[in-house]
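Got chain A; can you put chains B, C and D on it based on the hints?
Number of protein chains: 4
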Amino acid sequence: MALVCLSDFEAFAKKYLPKITWDYFAAGADDCTTRDENILAYKRICFRPRMLRNVSVVDIRTNILGSEISFPVGIAPTGFHQLAWPDGEKSTARAARAMNTCYIASTYSTCTLEEISVAAPGGLRWFQLYIHRNRAASQQLVQRAEALGFQGLVLTADLPYTGKRRDDVRNGFRLPPHMKVKNLEGAFEVCKMSPLDPSVTWNDIYWLRSLTRMPIIIKGILTREDAELAVRHGVQGIIVSNHGGRQLDEGPATIDALVEVVEAVRGRAEVYVDGGIRKGSDVLKALALGAKCVFIGRPALWGLAYKGEEGLQEVLRILQDEFRLAMALAGCASVSEIGQHLVQFSKL
Amino acid sequence: MALVCLSDFEAFAKKYLPKITWDYFAAGADDCTTRDENILAYKRICFRPRMLRNVSVVDIRTNILGSEISFPVGIAPTGFHQLAWPDGEKSTARAARAMNTCYIASTYSTCTLEEISVAAPGGLRWFQLYIHRNRAASQQLVQRAEALGFQGLVLTADLPYTGKRRDDVRNGFRLPPHMKVKNLEGAFEVCKMSPLDPSVTWNDIYWLRSLTRMPIIIKGILTREDAELAVRHGVQGIIVSNHGGRQLDEGPATIDALVEVVEAVRGRAEVYVDGGIRKGSDVLKALALGAKCVFIGRPALWGLAYKGEEGLQEVLRILQDEFRLAMALAGCASVSEIGQHLVQFSKL
Amino acid sequence: MALVCLSDFEAFAKKYLPKITWDYFAAGADDCTTRDENILAYKRICFRPRMLRNVSVVDIRTNILGSEISFPVGIAPTGFHQLAWPDGEKSTARAARAMNTCYIASTYSTCTLEEISVAAPGGLRWFQLYIHRNRAASQQLVQRAEALGFQGLVLTADLPYTGKRRDDVRNGFRLPPHMKVKNLEGAFEVCKMSPLDPSVTWNDIYWLRSLTRMPIIIKGILTREDAELAVRHGVQGIIVSNHGGRQLDEGPATIDALVEVVEAVRGRAEVYVDGGIRKGSDVLKALALGAKCVFIGRPALWGLAYKGEEGLQEVLRILQDEFRLAMALAGCASVSEIGQHLVQFSKL
Amino acid sequence: MALVCLSDFEAFAKKYLPKITWDYFAAGADDCTTRDENILAYKRICFRPRMLRNVSVVDIRTNILGSEISFPVGIAPTGFHQLAWPDGEKSTARAARAMNTCYIASTYSTCTLEEISVAAPGGLRWFQLYIHRNRAASQQLVQRAEALGFQGLVLTADLPYTGKRRDDVRNGFRLPPHMKVKNLEGAFEVCKMSPLDPSVTWNDIYWLRSLTRMPIIIKGILTREDAELAVRHGVQGIIVSNHGGRQLDEGPATIDALVEVVEAVRGRAEVYVDGGIRKGSDVLKALALGAKCVFIGRPALWGLAYKGEEGLQEVLRILQDEFRLAMALAGCASVSEIGQHLVQFSKL
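Residue numbers (full-length UniProt numbering), protein chains in the order written: chain A, 1 to 348; chain B, 1 to 348; chain C, 1 to 348; chain D, 1 to 348.
Only chain A is shown next, with the shape it has when bound in the complex (with noise of 0.2 Å):
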């Protein structure tokens, strides 16, 4: 059967990934609320559109810190995903690359950053951080990814310890032996405990900048008073996060946060925002609320479940041509000409 939209695919991830794996992508904390909230959430989303605009051309290209890509949605970071297919991170830096848009390679890659980096030189690709209790391993990773020519650095904020995932807690998930988190090889050893750092406060920001020329882009803000801060402290980027619904249960969705950060920031940082993403009028309405740019987290793994780098290709053209085709009906020829006169908050 021809996969026709995301949710085919997810379809096809669910049936065919081992139930352990699949546990492990789709599981939300506690009763998944957030995570599920997060679609609803879009749902209650309006669009106002208008006719008659001349969309003959419609131009979906955007830039984000600079890089241009081909258009907004890039892939969130997620972890292992060789659990999803073989060559893991490897095709999902080739597949990013292949449609010209942003790879945000996690801390858990079951790949190394230099081998994500061989595998699709010249990707635009950021890197994300959890900071670990062993500071000295943290800054290794960071400048060893600056070194590579990763072009951001992405600093968890969400995570002080891993949400409870009831389903992960059943099946006792732990990475399948023949995997490894590489990046943090060695590190482990001289931290026994869990390795992160659950005492990082806004401070540390100030540390990882004396650390690396890279923008720092802050993941995890939900509300105003924290995007206060993280622009007070320096930021470049903030990507509005709950983390995919696996951290604090009951938090708001992206999409609604999104707009009280969006105020909060007014221009002084870029503002993205993960989560819930199904469909490209999503991506539209992301915009419309005054995203720069969505980032895609479990459909980039359902993608790389069904066929590895063409498999996630084939979710980003989808995403790419419901975009544009959502854009033109909604009136807007050009990514500037989306705003939030597109959008409104409907009464259900």
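Misleading hints may appear alongside valid ones.
For identical chains, the list gives no copy identity; a pair is met inside one copy or between any two copies.
[Claimed, not checked] Heads up, simulated DSBU-like pairs for lysine-lysine below, C-alpha to C-alpha not over 35 Å straight-line:
1. 180 / 43
2. 15 / 43
3. 182 / 43
4. 307 / 15
I should point out that these hints are in silico values taken from the structure, not numbers from a laboratory. What you are looking at is a predicted structure, and each value in this text was computed from that prediction instead of being measured.
Relative to chain A, chains B, C and D alone:
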């Protein structure tokens, strides 16, 4: 089993039409949210019925652009009626004339305008136009329609490109070889690309104006801003429509959009609405909110699928009876007594 | 199995009545939205119960138009009780008298007013009237009722024509040949058309006034405008009713309409409500929102269907016990302590 | 299968308890609307989590009426623990002490207060009182509790009569013959009527005050008016409660009522809440809205039903871990940092 309401016709059509045809008629864009919202939105409108008003005679006649019709329900333009019934649009034209109402014939008819005219001479008909890249072909069509006695030109504004209807993609929907979009034969040959012109703008209203003396009705308007533009460009009528939810998914339900369009138009043009009409009381709601008349799309196809001309007449007769009864039970003896005081948006 | 609440009686009736009878009693107009909303609307009203108020004695008696009843629940007028139980309205009258409450006998009874009177002498009864085209027949009925000791005349205002109840159409519902609308025998012969007069207006209240000294109660009012008119035309009582959702579908739930009617009436007439009462706490809500008394329709028929007079008494006794308990748990020792402070409309 | 969250314990209890017992524990009044709303209302509250706040140490301890407890979750008073586990309330007392939290022992315990005290000497316990018609029996109970070292007297205000729990009526629920309401043996003999006194009023608080030096906590308050009265009558604590939805159905969810009670009390007494707590994040929400501590009812019974003392400890430990994690993920390092800024009522 007797068919006592429009849903019964829907069930019949779903059961007896080939799946690919049913899917094509039923299709909505993407998740079909707007298609379904068109119906649900009527449920959120609540009557305020008035009692003891002498409804021994209930006059349901009205006028649209100067022509009297037997009740405020016409036939919306939909394509490919031969998929529903062998005689196709000829049956539609006959049923509309028999019931003394208006039929908007689609560019994508499977009968020619000439065949339609011959089938039901003297019937009130408007012609629905898609503007093609081949402007000469469009001009010719408009002038053929006028010459044949069509009394209105309906420009569809919401289809610069076709919406993404997943089932049609999955089914590989296309017209069977023995059917033709007859009005366009010849025109296609000079234009190998998709024949519709996505560069159409408001200025093309002036061009159409220069081609014909028929009143111009614009179909597909959903916002006050576009309603204002339509009036300024001199249209005589506006059909509030989202193409049955087949174009941009997650736009407003038409009955919700009607309110703001009516408000913006302030009587400077007639306003109609299509989408989601399933009962006579829906017609009453639309009129209470300012529509001069409603148009039905899918229910007309179900009627055709049931018994051709006769089936469509039955559908119209049911709506007529239900509309008359709803008027009486709400305390209205003529359409001029219908007003906004009759309805309120419910808390739900 | 013991029947412990009204829903249990409903389930019994659904199981044991002939389908065509069940369908007739259960029927709502069109999509049955209003029928169901009558019940759902009660769910949106939330108590604000008060504690420690000495409820060792709870007095649930009240008065309607000067007559004391044992608790504020009467029997609404419904037709054809012989469909539920062989003795028909005679059983209803006996049960109402036994429980010391008011029974509104319908024009469409399957027993004569005389039979009803003889069955339960001394019971508090009102007579429900449909005004017929044959005004003499209506006049005669009113005067028969008064002569038999009926103490109120209830004019039904919401049935100029019968609502469209799809199942009744499908079933071809009609009274079985061995049952008769006995009150109207003779009257029908002089009037071959539908016997009800859709030309009735507010002025006919004056005509009724001239025929009888019984207080006049108007049934079927749903708006403040009509409530004001009713008061101005001198009625003594108003029953807020949508005919159990059997007439105009998608009007307001009666408990919602009650609020605006009570506000408009400002104590100048007594206000009652029917529709959707299924628990003693529903009665408490209706009284808190200003109703003097409620009337039950379908639940009375379920009681009859279960065990005739005895079954209806059981239904009334359950409501009585539940109402008394709800009062106690909300902190009210008598109906005079029930007020709007006891409820709020919930956020849902 | 591992039990990883409270719902797992619920499923276990439902599976292994006798139906009549399960029904009794699960029962809500009437339609069980309030019972279920207690849970749903938590879903309508949305976190505003804060990031990068140094949560390397999270201190979850708090104090209630001057006693430190290990985390803000105590055991609400529920009856008949021997139905869940042979050792009954003795197990409950041991588990509460082991987890260093407060246990409110019910008048309707199946163990005596003396047995409870001996089972877990030194544990923090409050005694829940129903005032009986036999006031001497109540006085004696209060004084026994104080002598045994109970540190609080909880007066239940919402049970002048028992709510109507349909399943209990259907099942003919009663305590099996080998179990006894041991605290009341003797007292029952002098009072053949229902032993509870529905004439209790606010003045009885003064009477209780005269009997004991224990602080008085009133349980069952749902409105600002009653909260004000409670403070004026000198109580030290208020438990916002609707008796788990077992008394008046369709009153407010407790978490919704908490907001107005806290506002009315303005710090003049401690405010607690029970009903609907199923996750650690629910505890965090209750504290954010002003509760000093929450109490769990049914989940404690599920824990007992699973493995007695050990099972209840597991339930408490899960809540403790979840609460600590929720605090960390919301950015709170101690309960003093929890405040209203952490939550908002969602649009749904």
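Hints violated by the structure (numbers, ascending): Result: hints 1 and 3 break, sorted rising.
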